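Take the given structure of chain A and dock chains B, C and D to it, following the hints.
Residue numbers (full-length UniProt numbering), protein chains in the order written: chain A, 1 to 98; chain B, 1 to 98; chain C, 1 to 98; chain D, 1 to 98.
Careful, some of the hints might be misleading.
The list treats identical chains as interchangeable, and a pair is accepted whether it falls inside one copy or across any two copies.
Lysine to any residue pairs mimicking SDA-like chemistry, simulated, CA-CA at most 20 angstroms apart [unchecked claim]:
{"hint": "1", "residue 1": "Lys13", "residue 2": "Asp37"}
{"hint": "2", "residue 1": "Lys86", "residue 2": "Ser48"}
{"hint": "3", "residue 1": "Lys86", "residue 2": "Ala67"}
{"hint": "4", "residue 1": "Lys13", "residue 2": "Val38"}
{"hint": "5", "residue 1": "Lys13", "residue 2": "Gly60"}
{"hint": "6", "residue 1": "Lys21", "residue 2": "Gly60"}
{"hint": "7", "residue 1": "Lys21", "residue 2": "Leu59"}
{"hint": "8", "residue 1": "Lys13", "residue 2": "Asp42"}
These are calculated hints, taken from the structure and not from any lab test.
Given the structure is predicted, the values throughout are model-derived calculations rather than measurements.
Number of protein chains: 4
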Amino acid sequence: MEGEHTHGYISDKARYLARLKRIEGQARGIHRMIDEDVYCIDILTQISALTSALENVALGLLDDHLAHCVADATRQGGEEGEAKLKEASAAIARLVKS
Amino acid sequence: MEGEHTHGYISDKARYLARLKRIEGQARGIHRMIDEDVYCIDILTQISALTSALENVALGLLDDHLAHCVADATRQGGEEGEAKLKEASAAIARLVKS
Amino acid sequence: MEGEHTHGYISDKARYLARLKRIEGQARGIHRMIDEDVYCIDILTQISALTSALENVALGLLDDHLAHCVADATRQGGEEGEAKLKEASAAIARLVKS
Amino acid sequence: MEGEHTHGYISDKARYLARLKRIEGQARGIHRMIDEDVYCIDILTQISALTSALENVALGLLDDHLAHCVADATRQGGEEGEAKLKEASAAIARLVKS
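The shape of chain A in the complex, shown without the other chains:
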C-alpha cells in the first residue's frame, strides 16, 4: 500500500467509481444472458464490449499514475524514482499481454 501520497486517479475518483459500477452491471448482464440461454455470439459481443471498457479504465488509471505517482518519484530521483518506473513498465506489460 502507498503512504500519504494521493494517487493520480483520486481527482477523478467519482468518474472511475461510476465506470466500475457500469462494468459490474455489464458482468451481471452477461451472467443473465447465459442464464437465459441467449445465443453464443450475442454473449461474445458483450464480452468484447466489457473487455474494451476495462481496458479503457486501465489506460486512464495508467495515464494518471504516470502523470502523478511516477512523475513525482522521478522528480525526487534516486532509487524511488527508478523503482516507480520499473513498476509502471511491469504493469504496462501485464496490460499488453492480458
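Below, chains B, C and D without anything else, positioned relative to chain A:
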C-alpha cells in the same frame, strides 16, 4: 436470437454461471479498491486478472459455439452454414481486437 | 503437414504473399529507424501498425481455414472433424493471447 | 524527430537491431510457408510467435523511453514534461489496442 437449437455452452452452463459470478465479484472488488484509494498499480493488477478471466470465458464459449452451432450448420450446408462461419469469424475478430 | 487437401487461403495466395512482402518491408523499416536513432515514439507507432497488419493476416487465414479445412472435416464428421475444431480453437486462443 | 537528446534504447541498440533482424527473418519465413502451401494452422502459429516477439520489442523500447526520455523531461518539468507523459500514454494505448 436462435430458435429451438440448444447452444454449445448449455451443457456447461452451471460452470459458466459460476465463472461470471466470480467476474462480477472481481469487478465489485476493483470498485472497492478505488473507493478505498488503493495504490494504482494494485488496481491495474486486478484489472489485468479480470481481463484474462473474461478472455478465458470468451474462448470457452467460442470453442463450444464452433463445436456445436457452427458444426451443426456446416453439416446442414448451404447459406446457413456459410452465415454461421462468417458470424463466428467476425466474433473472433472482435475478440482479438478488443 | 496436410495431405492433398488444398487449404482455404490458396485461392487468395497472391494477395497473402503481397501482404507478407509488405510486412517484411515494415520490419526492415523499423530496423532502419533504430539504426538511424529515430525517436522511440515514432518506432513504437510503426510497431503497433505492423502488429495490426499481422493480426489482420491471421484473421484472414483463420476465416479461410474455418470455411474450408474445418468445414470440410466437419462435414466428413467423426474424429477428424472434432480434431480440426479443437485445433482451430487452440489457434484462436494463441491469437487472442499473443 | 528528437534533437540532441540520446534515446533510452541507444545503449542497447545492437541488441534491438539483432532482434529486428530476427523479426524480419520470421516475416520472410511466413512468406515462404504461404508460398509453399503450408498448412494454415502452422502459419498461424508462426504469426502468433512473431506478434509476441514484436510486442516484447515494443515493451523494451517503452521501458527505455520511460526511464530516459520521459524521466529527463519530467525532471525538467513544465510543458515539455507533461507533453512527454501524454505522448507516452498515447503510445501505450496504441500498443494495448493493437
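Verification of the supplied hints:
1. Lys13 <-> Asp37: Result: close only across copies, 9 angstroms inter versus 36 angstroms intra.
2. Lys86 <-> Ser48: Cα proximity of Lys86 and Ser48: across copies only (17 angstroms, versus 30 angstroms in one copy).
3. Lys86 <-> Ala67: both (15 angstroms within a copy, 8 angstroms between copies)
4. Lys13 <-> Val38: For Lys13 and Val38, only the inter-copy Cα distance (11 angstroms) is at most 20 angstroms; the intra-copy one is 35 angstroms.
5. Lys13 <-> Gly60: within (11 angstroms within a copy, 31 angstroms between copies)
6. Lys21 <-> Gly60: Close inside one copy (16 angstroms), not across copies (26 angstroms); limit 20 angstroms.
7. Lys21 <-> Leu59: within (17 angstroms within a copy, 25 angstroms between copies)
8. Lys13 <-> Asp42: between (32 angstroms within a copy, 16 angstroms between copies)
Checked against the numbered hints given earlier, this structure breaks none of them.
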